[in-house]
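First to last, the sequence lines map onto chains A and B. With the first sequence counted from 1, adding 19 to any position gets you my numbering. With the second sequence counted from 1, adding 60 to any position gets you my numbering.
Please keep in mind that the hints were generated in silico from the structure rather than gathered at the bench. Here the structure is a predicted model, which means the values were calculated and not measured. Cβ atoms here follow ideal geometry from the backbone N, Cα and C, with glycine treated the same way. Take the hints with a grain of salt, since some may be wrong.
[Claimed, not checked] As a list, the in silico DSS-like pairs of lysine-lysine whose alpha-carbon atoms are at most 30 Å apart: (1) Lys211/A with Lys127/A; (2) Lys254/A with Lys211/A; (3) Lys66/A with Lys211/A; (4) Lys127/A with Lys236/A; (5) Lys55/A with Lys152/B; (6) Lys254/A with Lys152/B; (7) Lys152/B with Lys66/A; (8) Lys254/A with Lys236/A; (9) Lys236/A with Lys152/B; (10) Lys120/A with Lys55/A.
[What the hints assert, rightly or not] Example chain A residues on the side facing chain B (calculated, C-beta under 8 Å, incomplete): (11) Met20; (12) Pro22; (13) Ser24; (14) Arg82; (15) Leu83; (16) Pro84; (17) His85; (18) Leu87; (19) Leu89; (20) Ala95; (21) Lys98.
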Amino acid sequence: MRPASGPNQLLILIPAFNEAGAISEVIREVRQLMPKTPVLVVDDASKDSTYDRARAAGADVLRLPHHLGLGGCVQAGYKLAFELGYEYVIRVDGDGQHDPKFIPDLLKVLRQTGCHMVIGSRFYQNNGAHTSTARAIGIWIFRMVLRPILGQPVLDPTSGFVGVNREALQTFTGSFPLEYPEIEALVVLQRKRFRFQEVPVQMRRRKAGRSTITAVKSVYYVIHVLLGVFVNVLKFEGRRRKE
Amino acid sequence: MERLLDAMTILSIVLMLVILYSVRRSHIRVEYSVSWLAAAIILLVLSRAPGALNWIAAQLGLTYPPLALMMLVFCVFLVVIYRFSVVISDLKDGNIAMAQRLAIVEFQLQNRNEEQ
Chain A
20 MRPASGPNQL LILIPAFNEA GAISEVIREV RQLMPKTPVL VVDDASKDST YDRARAAGAD
80 VLRLPHHLGL GGCVQAGYKL AFELGYEYVI RVDGDGQHDP KFIPDLLKVL RQTGCHMVIG
140 SRFYQNNGAH TSTARAIGIW IFRMVLRPIL GQPVLDPTSG FVGVNREALQ TFTGSFPLEY
200 PEIEALVVLQ RKRFRFQEVP VQMRRRKAGR STITAVKSVY YVIHVLLGVF VNVLKFEGRR
260 RKE
Chain B
61 MERLLDAMTI LSIVLMLVIL YSVRRSHIRV EYSVSWLAAA IILLVLSRAP GALNWIAAQL
121 GLTYPPLALM MLVFCVFLVV IYRFSVVISD LKDGNIAMAQ RLAIVEFQLQ NRNEEQ
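This is chain B alone, in the form it adopts within the complex (with noise of 0.2 Å):
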């Protein structure tokens, strides 16, 4: 348990220098960097307060609390995998309206050129 909850911590400070990282690097852009940084601030909470995990645990009925931890990982990726398939629904939407858009303007524009 211990040794799971060092490793959970390490990971949690690793995923939020790497954020950070990209973020200053501008892979990420700052407002898609705020789900991940949630996600391993929470884990990182988690992971440094055994208390509260035990608690946890024993509300949804779990004999050993790692199982709680590796369950709320799951879930605090889950939500963060279903905004970002939210982003992109919404960026494929717009990309493919500004792709349109594009195509008829242009054709307008070659249109009247070969008017002229």
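Only chain A is shown next, with the shape it has when bound in the complex (with noise of 0.2 Å):
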């Protein structure tokens, strides 16, 4: 993979971790969209065939030395895909949810609204999404906690279908959350004051693989997610005092 060659080049990332079923098929998929657009590949050491398939499918693949989790993961794209001088990032996962055909509307808003960052919305203009009841409670809670910190409403905080300006990638690759990123990336970004916006997509099932939130894992994700918030917040007032 080259450095951008021009301003206002995107890249598209795919976080993997034991994605060998799908990867593939979501790497054709969007070289079939956007054939000039180059397309990173993070494996986060996957015990399976991930890597190979990856590379066998085109893409470029930046191999993680050991499991460092979703937001490690992610951020190690981020990282690089600063350093390479790319202006937009729009991350795709590496499991087939993501219809690639989603990913020109969301660089479309990105580019014309000079937000920092588009969330692809299940949720957004009604377009017929359906989740779990345990997860649309995790939703619901989510959005009720980050109403008021945002400033503004969001309805699907933990969609990982993003896209992000240079900015928001400078700031991503100082400090990014961990575990389950999504919801706490945004309480990043809105310490910074940056601005976000939610763009309708619909999702698919998964191709192959398992999520990695289990229905005994969800407990501890709200949890996790809402403290995390929370200290992010704390981080937030502490530095609008200093101000």
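From the two separate chains plus the hints, produce the assembled complex.
Set out below in structure tokens:
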């Protein structure tokens, strides 16, 4: 992968951990849609053939020496993208849930509005999304908690289908939540008074593999994320006072 | 009370010996042995100074001095554990940053080799 060849260059970032069953198809879809856009897979030390399949499908692969978890994995990709001079990065999950046909929509909003982050939202404009009851309750709690912190509503705070511009990229290279990063990342952005916007997308069922958030982990997930948000707000308040 | 204090003395001496042995065998780095040695010395001093223990118990409003000893033991180890949590967090941050840097450098080296 070469450094960005000009201004406004986009990079597609695909974090992957044990996604050998879906990664080739995801890369193929992205490359079919945007043949000239570089695709970077960040392999979080998968134990299966994710690395080989991603390489065979034509993607560049950043291979982590050991498992860092989703946040560390995505941040590694952000760091490389920033160093190579990319202006925009859109993250697509390696399990096939994010339909690449919505990438141009995310990019268009990033470019036209100048906002720092766009979120592909399954619930925006009532686009017929359905999710499990447990997850729906979790999302509802996060919406209620985030609304006053962010100063604007966010309908799909757990979506990993996100795009960022270079300013947000720079911020995330320095500070990015490690576990379950999506929600805390919004608070990190808010600390910098960055703007975000939601874009309607439809999500698919994962093509292979299992979600990292199992039923047992979901309670831990909610507590962990709320604690992370709380800590980030405290940092935010501390900084405000110093200013 | 006497037996408890004696047991505490033996425990603190054993703790000190174990830590010193571990440092000698390089199982624990010197900087991380300091917290444990300080904890062991505090325990040793308190267990050999019942007067001090009685005074602390009186200050805390405790009628049973061994309870004061237990509370102090708990507080000392709480401080040690907290210190190690800070160290572990710091190590984890460094480890993540290093793993990411290593991956990026390897990636760029591989790219350069493929270009040549």
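Notebook entry, point to check: Given His85/A was flagged as interface, is its beta-carbon under 8 Å from a beta-carbon of chain B?
Noted result: 6 Å, holds
Next item on the list: With a cut-off of 30 Å on the C-alpha distance, tell me whether Lys152/B and Lys66/A pass.
Entry: 22 Å, holds
Check: Minimum Cβ distance from Met20/A to chain B below 8 Å?
Finding: Holds, because the Cβ-Cβ distance from Met20/A to chain B comes to roughly 6 Å (cut-off 8 Å).
Check: For the pair supplied as a hint, Lys127/A and Lys236/A, is the alpha-carbon distance within the 30 Å limit?
Finding: 36 Å, violated
Notebook entry, point to check: With a cut-off of 8 Å, does the beta carbon of Ala95/A approach a beta carbon of chain B closely enough for the hint to hold?
Noted result: 4 Å, holds
Notebook entry, point to check: For the hint on Leu83/A, does the least C-beta distance to chain B fall short of 8 Å?
Noted result: 5 Å, holds
Next item on the list: For the hint on Leu87/A, just tell me whether its beta-carbon gets within less than 8 Å of chain B.
Entry: Because about 6 Å separates Leu87/A from the closest Cβ in chain B, which is inside the 8 Å limit, the hint holds.
Notebook entry, point to check: Taking the least C-beta to C-beta distance, is Ser24/A closer than 8 Å to chain B?
Noted result: The hint is violated - Ser24/A has no Cβ within 8 Å of chain B, the shortest such distance being about 15 Å.
Next item on the list: May I ask you to test the interface hint for Arg82/A with respect to chain B, counting a Cβ-Cβ separation under 8 Å as satisfied?
Entry: Holds, because the Cβ-Cβ distance from Arg82/A to chain B comes to roughly 6 Å (cut-off 8 Å).
Note to self: For a C-alpha distance cap of 30 Å, please report whether Lys254/A and Lys236/A respect it.
What the structure shows: 26 Å, holds
Next item on the list: With a cut-off of 30 Å on the C-alpha distance, tell me whether Lys55/A and Lys152/B pass.
Entry: Roughly 37 Å between the alpha carbons, so the hint for Lys55/A and Lys152/B is violated.
Note to self: Is the interface hint satisfied for Pro22/A? The criterion is a beta-carbon contact with chain B at less than 8 Å.
What the structure shows: 10 Å, violated
Against the hints set out earlier in the document, violations occur for numbers 3, 4, 5, 12, 13 and 19.
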